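S.K.: Sequence:
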Amino acid sequence: MSTNRKTGRIIGILFIIGTVSGILSVALTGTISNSTEYFVHIASIPYQFTLGTLFILLMGLKLRQVVTGRRMKYIEQNLL
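Residue numbers (our numbering): 898 to 977.
Among the hints, erroneous ones may be present.
Beta-carbon label-pair distances, calculated as ranges [said to hold, decoys possible]:
1. Glu934 x Ile907: 40 to 50 Å
2. Phe912 x Ile939: 25 to 35 Å
3. Ile920 x Ser941: 17 to 27 Å
4. Arg902 x Val937: 47 to 57 Å
5. Asn901 x Ile942: 42 to 52 Å
6. Thr900 x Ile942: 41 to 51 Å
7. Arg961 x Arg902: 20 to 30 Å
8. Gly905 x Thr950: 24 to 34 Å
9. Phe936 x Ile913: 28 to 38 Å
Simulated from the structure, these hints should not be mistaken for lab results.
These figures come from a predicted structure and were not determined experimentally.
Note that the Cβ used here is the ideal one computed from N, Cα and C, for glycine as well.
Starting from the given sequences, assemble the full structure and let the hints guide the process.
M.R.: In structure tokens:
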């Protein structure tokens, strides 16, 4: 398998993981953000809020890896 194809698959998988994490975070924290009393709502379901926050963090990390992976591929092609 060529290097471009491997890189494309890895970046695609990271992008899908980031996108799914974003969707799950909205599904878990959507009811909290629509509430007028955030802290009362968070206190009633702390695990749901924590899990939604972790999905947001996972989304950010995976999408950062996508950008970094593309940048590294560009550097490899142009400098090496």
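S.K.: Evaluate each hint against the coordinates.
M.R.: Going through the hints against the structure:
no., hint, result
1, Glu934 x Ile907: 40 to 50 Å, "holds (43 Å)"
2, Phe912 x Ile939: 25 to 35 Å, "holds (30 Å)"
3, Ile920 x Ser941: 17 to 27 Å, "holds (23 Å)"
4, Arg902 x Val937: 47 to 57 Å, "holds (51 Å)"
5, Asn901 x Ile942: 42 to 52 Å, "holds (45 Å)"
6, Thr900 x Ile942: 41 to 51 Å, "holds (46 Å)"
7, Arg961 x Arg902: 20 to 30 Å, "holds (22 Å)"
8, Gly905 x Thr950: 24 to 34 Å, "holds (31 Å)"
9, Phe936 x Ile913: 28 to 38 Å, "holds (34 Å)"
When each numbered hint is compared with the structure, no violation occurs for any of them.
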